[in-house]
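Asks: Sequence order for the protein chains is A and B.
Under the working numbering, the first residue of the first sequence carries the number 132, and numbering increases by one thereafter.
Under the working numbering, the first residue of the second sequence carries the number 132, and numbering increases by one thereafter.
These aren't lab readings, by the way, just hints derived from the structure by calculation.
One or more of the hints may lead you astray.
Unchecked claim - If you only want the chain B side, here are some residues facing chain A, beta carbon under 10 Å, derived:
#, residue
1, 207
2, 233
3, 237
4, 268
5, 273
6, 327
Stated by the list, open to error - Capping the alpha-carbon separation at 25 Å, the derived lysine-lysine pairs in PhoX-like fashion look like this:
#, chain 1, residue 1, chain 2, residue 2
7, B, 564, A, 135
8, A, 213, A, 564
9, A, 269, B, 269
10, B, 337, B, 416
11, A, 135, B, 307
12, B, 140, A, 564
13, B, 611, B, 660
14, A, 617, A, 135
15, B, 590, B, 140
16, A, 212, A, 416
17, B, 135, A, 564
18, A, 564, A, 140
19, A, 212, A, 564
20, A, 406, A, 337
21, A, 416, A, 368
22, A, 140, A, 611
23, B, 337, B, 307
24, B, 368, B, 212
25, A, 135, A, 611
26, B, 660, A, 140
27, B, 135, A, 307
Unchecked claim - Pairwise CB distance ranges (calculated):
#, chain 1, residue 1, chain 2, residue 2, range
28, A, 194, B, 691, 20 to 26 Å
29, A, 692, B, 135, 33 to 39 Å
30, A, 231, B, 617, 56 to 62 Å
It should be emphasised that the depicted structure is a prediction, and the values quoted were computed from it without experimental measurement.
Note that beta-carbon positions come from the ideal geometry of N, C-alpha and C, so glycine has one too.
There are 2 protein chains.
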Amino acid sequence: MRYKQLFGKTLREVPQDVHVRSRELLLRAGYVRPLGHGLYSFLPLGFRVVRNICRIIREEMEMLGGQEVALPIVNPYEIWKKSGRTDLLDRDLVRFRDREGRELVLAPTHEEAMVELVRVAVHSYRELPVFLFQFQNKFRDEERTRAGLVRTKEFMMKDAYSFHRNYTDLNNFFPKVFGAYERIFARCGVEIITAESGVGYMAGEKAYEFLMPAQIGDSVVISCPRCGYRANREVAKGNKRKNGDEAASAGAIERTPTPECRTIEDVASFLNVEKSRVGKSLVYKLASGFVMAVVRGDYEVSTEKLSRVVRQPVVGLAEESDLVELDLLPGYLSPVGLTGRLPVIVDDIAAASPNLVFGANEAEMHFLNVNLGRDYDCEAVADIAQIRADDTCVQCGAALEEILSIELGNIFKLGDYYSRAMNLTFQEESGEKVFPHMGSYGIGIGRLIASVVEANNDKDGIIWPAELAPYRGYLMGIGKSLSITKQVDEIYAAAANDILLDDRDESAGVKFRDADLLGVPLRIVVSPKHLPNVEIRERRSGEVRIVPVEAIPDELKRVAAEGIAHAI
Amino acid sequence: MRYKQLFGKTLREVPQDVHVRSRELLLRAGYVRPLGHGLYSFLPLGFRVVRNICRIIREEMEMLGGQEVALPIVNPYEIWKKSGRTDLLDRDLVRFRDREGRELVLAPTHEEAMVELVRVAVHSYRELPVFLFQFQNKFRDEERTRAGLVRTKEFMMKDAYSFHRNYTDLNNFFPKVFGAYERIFARCGVEIITAESGVGYMAGEKAYEFLMPAQIGDSVVISCPRCGYRANREVAKGNKRKNGDEAASAGAIERTPTPECRTIEDVASFLNVEKSRVGKSLVYKLASGFVMAVVRGDYEVSTEKLSRVVRQPVVGLAEESDLVELDLLPGYLSPVGLTGRLPVIVDDIAAASPNLVFGANEAEMHFLNVNLGRDYDCEAVADIAQIRADDTCVQCGAALEEILSIELGNIFKLGDYYSRAMNLTFQEESGEKVFPHMGSYGIGIGRLIASVVEANNDKDGIIWPAELAPYRGYLMGIGKSLSITKQVDEIYAAAANDILLDDRDESAGVKFRDADLLGVPLRIVVSPKHLPNVEIRERRSGEVRIVPVEAIPDELKRVAAEGIAHAI
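Whole structure, please, built from the sequences with the hints as guidance.
Replies: Here it is as structure tokens:
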């Protein structure tokens with residue numbers, strides 16, 4: 132490609148309102164452009180990176196027997212009703228009717244549609260396992276779009292789905308995908324950590340995330356620096372901090388005025404106690420009704436843990452209007468005096484902490500010395516709070532850390548949740564009708580590109596891993612003599628598909644800067660100084676070598692092969 | 132690929148409710164499956180065909196300097212308001228709001244989004260022309276979905292857009308895309324005709340369609356068998372049939388009862404006259420208001436021609452409620468007595484036909500002997516009727532024919548319609564701010580696949596053109612002796628990427644039938660009879676040859692090259 136013809140040039144000025152390095156570089160170098168809030172277009176250079184990533188993923192999926200398909204983005208709403216996920220996705224899910232009145236959705240993920248596809252194609256155990264994947268734009272009406280390509284509303288995704296005869300087969304297949312994901316991210320030049328995670332609206336049994344640690348990330352991983360334990364904050368286990376008075380005897384319960392105190396902070400400050408001495412009560416909406424979760428004021432509720440205890444997905448916090456209907460006073464929620472009206476689940480450390488302060492379900496009033504068993508009752512005591520940094524590891528006792536990360540991929544052991552809900556069966560060897568077990572595996576392409584750039588840049592610009600770069604070589608001549616242009620044209624003609632030729636009438640300095648900004652692995656300079664040799668500079672190391680012209684095709688090939696070698 | 136592992140097997144039984152050969156074959160052979168009304172999934176075999184077609188199109192687009200991009204499917208509604216197309220697309224356009232209340236659309240085409248992309252990337256004449264393309268699923272809430280992949284609601288499309296310094300440059304580029312389209316369809320094994328067509332909601336100036344003649348098609352091309360004139364019925368010119376009494380003097384206008392007559396047929400039959408003696412009045416909605424179109428009862432209004440006369444797009448027929456508001460009586464519309472209330476456009480042959488019958492804008496009453504000029508007035512007399520078979524060619528006078536066709540692609544000279552409407556300018560050499568001229572070019576991938584199958588099949592199944600086939604070879608052994616399986620495995624190992632190996636424990640007959648149904652170009656049979664040679668059968672010609680095993684890679688390459696050679 133000749134630079135003059137390239138659509139989407141580098142920008143001299145940094146776009147305003149850019150605080151994320153990958154966003155700044157991808158915009159400045161002409162890889163992407165925003166079209167609207169949470170909507171990005173890929174320019175030709177950016178789309179070449181997309182295709183390179185898709186090729187890598189495709190290779191790794193096909194190595195596991197994956198077969199590529201293409202399902203519609205628009206799904207009938209009725210298949211979503213069958214799976215029962217419509218409540219969970221709620222506002223993330225875009226719904227509309229076609230002109231004949233059929234209810235449709237923009238599918239944010241394709242478990243349901245895949246089940247329908249497998250239903251018409253698989254009937255016998257002989258046809259399992261099945262491993263299908265696709266590349267597709269999805270739209271999720273995310274609450275928080277942020278950090279450029281890190282979280283957008285529309286995004287390109289590789290989604291894959293496996294179907295197995297039984298749980299054992301799924302279990303055996305799972306580590307293979309795990310390995311493929313590790314290779315994919317290695318080939319893309321990002322160092323990842325893995326962590327157990329919540330299943331969220333995916334339902335199913337177990338989930339793991341592949342994350343890249345980054346300050347701009349919005350996933351929090353709890354990690355043990357000593358033994359290596361790691362899990363997403365939503366599911367992480369840990370030893371919570373004790374208040375030290377666990378053995379204290381229960382004081383007399385007491386109503387006390389707390390004027391203008393609506394938050395835990397207000398109450399703790401007004402009563403001059405630690406937050407850990409205040410109880411926090413929150414009411415959540417479930418498909419079946421409502422539940423109150425009680426944690427200590429220095430902890431947050433994990434909806435993922437809560438949903439495991441109540442054995443159903445948590446839809447979200449109850450609305451104020453729900454609370455009013457339940458005869459509860461927002462800001463002064465209390466488990467005291469609630470008996471029978473609402474199930475209560477109490478976090479284990481809250482249950483073990485005596486004499487807590489709780490709301491009185493009355494404006495500007497709290498109770499002192501509230502004790503579980505004596506002053507209120509509950510359905511269950513369980514671990515429902517998010518572990519925090521400085522809590523200690525359940526495995527080795529070391530203090531845990533929080534790692535801010537970008538979630539790049541996830542894999543879900545769905546078990547037979549979907550096949551049961553949607554009544555998908557196959558015939559076993561015995562003749563029996565059996566529900567297949569399912570796995571689901573996603574990678575966000577745009578987010579991966581942003582993360583690659585976050586992990587691979589310097590002050591001058593992007594440093595693409597070789598397999599991902601839009602071109603392997605950035606070619607330019609210095610001076611306009613016939614011998615220079617002839618040599619440049621010859622090099623270009625031999626590898627036009629893999630070289631970006633900077634044919635502008637700009638100074639060498641401008642071209643050097645743009646070459647660095649674009650992040651192409653090899654900068655090839657033809658100058659009178661070195662003819663008949665040329666200068667090659669490696670973008671990553673800055674190493675400069677003088678090589679004969681004839682060596683260039685091999686240099687380009689060597690660079691291209693590096694990424695693959697790196698991952699094996 | 133081993134057949135046992137292939138997801139999506141051939142079906143023994145023809146799915147019910149299948150009247151279209153391509154739909155039947157694509158379903159039976161396991162290429163596609165419906166997910167919902169107007170929604171299809173591509174199975175692995177089908178997706179390989181999709182990728183082959185995309186590769187061909189990509190090659191041809193890149194030959195013209197096309198650069199591939201990827202724009203979001205979801206667009207901000209505001210860019211559609213800028214172009215003014217929201218009224219035109221009306222019910223085809225799916226609109227929704229995101230959780231923050233932003234208005235969004237599922238873009239059925241991307242002129243607006245491309246204008247926005249070019250706005251942020253092109254500022255000077257030096258950066259033009261620009262030719263961008265993408266492959267993307269679109270959703271159009273079509274009124275009639277039909278014939279399997281021929282007309283679906285969601286469909287995969289190659290859409291391309293060019294931007295030029297001026298009209299001349301657009302004009303010079305246009306024939307290049309025309310040529311590329313001809314090559315694409317030739318490589319895909321479909322014989323196409325081209326025809327001028329209407330611009331519809333695309334606005335702009337001129338449009339051409341690439342169509343494949345087919346009984347299942349729903350596009351009507353008017354064609355002159357003598358001189359080769361061809362155009363879509365919406366825009367075709369022709370000499371309309373005269374009634375023979377053009378010179379007759381005007382009779383006295385007369386009100387006459389026409390009980391229970393609401394259609395042209397009713398009136399003609401009740402009054403015992405030809406339909407060509409009855410005037411037909413229709414009211415259409417425009418962006419600016421309403422217009423009445425008057426044609427003779429034996430012709431239909433062309434909204435495309437009408438919109439050219441009124442110099443604005445026709446949104447559609449007025450609703451009954453609109454008519455009531457205009458004080459008109461549905462079923463008895465009349466231009467008589469309308470003066471000043473509504474502009475009237477009269478088709479030229481209706482204007483030239485004296486003494487027509489017209490509605491009286493009164494229930495069950497018509498006028499006899501209505502004459503333009505004396506009994507009603509109009510804004511313009513123009514050609515606004517669709518030409519019919521047996522009308523004669525304006526060029527050579529021969530009787531015209533109607534050709535039913537499937538529209539496979541279209542190209543639009545949009546001129547500066549969008550750049551003006553959306554205020555997209557670039558700086559000319561002179562320093563002047565100038566509106567670029569635009570072209571838009573589409574190909575529907577699913578519809579193309581259906582058409583390829585319509586044009587390439589026999590009683591036994593599909594006959595894929597070599598470049599499109601999911602695999603070049605269909606390999607099978609006869610018998611289970613070690614020498615056979617060893618030979619089969621060796622052939623497969625040497626070209627596993629391009630061979631479908633039928634490894635089932637089925638009879639040779641079953642395998643032969645499936646090979647024919649799937650339509651792979653070469654069937655390769657390893658049998659004791661011919662070892663160490665193998666039998667190769669060409670799917671298209673039925674020709675059988677005995678060749679040495681070593682020749683197979685070359686045979687596969689030869690077949691793959693054929694499609695390309697065919698098109699050059």
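Asks: Compare the structure with each hint and give your call.
Replies: Taking the hints in turn, this is what the structure says about them:
1. 207: 4 Å, holds
2. 233: Holds - the Cβ of residue 233 of chain B comes within 10 Å of chain A, reaching about 6 Å at its closest.
3. 237: Holds, because the Cβ-Cβ distance from residue 237 of chain B to chain A comes to roughly 8 Å (cut-off 10 Å).
4. 268: 5 Å, holds
5. 273: Since chain A brings a Cβ to about 8 Å from residue 273 of chain B, closer than 10 Å, the hint holds.
6. 327: Violated. Min distance 29 Å.
7. B:564 / A:135: 21 Å, holds
8. A:213 / A:564: Holds, at roughly 19 Å.
9. A:269 / B:269: 13 Å, holds
10. B:337 / B:416: 22 Å, holds
11. A:135 / B:307: 21 Å, holds
12. B:140 / A:564: Holds: residue 140 of chain B and residue 564 of chain A sit about 20 Å apart, inside 25 Å.
13. B:611 / B:660: 13 Å, holds
14. A:617 / A:135: Holds: residue 617 of chain A and residue 135 of chain A sit about 18 Å apart, inside 25 Å.
15. B:590 / B:140: Holds - the C-alpha atoms of residue 140 of chain B and residue 590 of chain B are around 19 Å apart, at most 25 Å.
16. A:212 / A:416: Holds, at roughly 19 Å.
17. B:135 / A:564: Holds. Residue 135 of chain B to residue 564 of chain A sits at ~21 Å (cutoff 25 Å).
18. A:564 / A:140: Distance ~59 Å between residue 564 of chain A and residue 140 of chain A Cα, so the pair is violated.
19. A:212 / A:564: 23 Å, holds
20. A:406 / A:337: Violated: residue 406 of chain A and residue 337 of chain A sit about 33 Å apart, past 25 Å.
21. A:416 / A:368: Given pair residue 416 of chain A, residue 368 of chain A holds - Cα atoms ~24 Å apart, limit 25 Å.
22. A:140 / A:611: 23 Å, holds
23. B:337 / B:307: 16 Å, holds
24. B:368 / B:212: 34 Å, violated
25. A:135 / A:611: 16 Å, holds
26. B:660 / A:140: The hint is violated at about 64 Å.
27. B:135 / A:307: 21 Å, holds
28. A:194 / B:691: 20 to 26 Å: Given a distance of about 24 Å, which is inside 20 to 26 Å, the answer is holds.
29. A:692 / B:135: 33 to 39 Å: 34 Å, holds
30. A:231 / B:617: 56 to 62 Å: 57 Å, holds
The structure shown violates the earlier hints numbered 6, 18, 20, 24 and 26.
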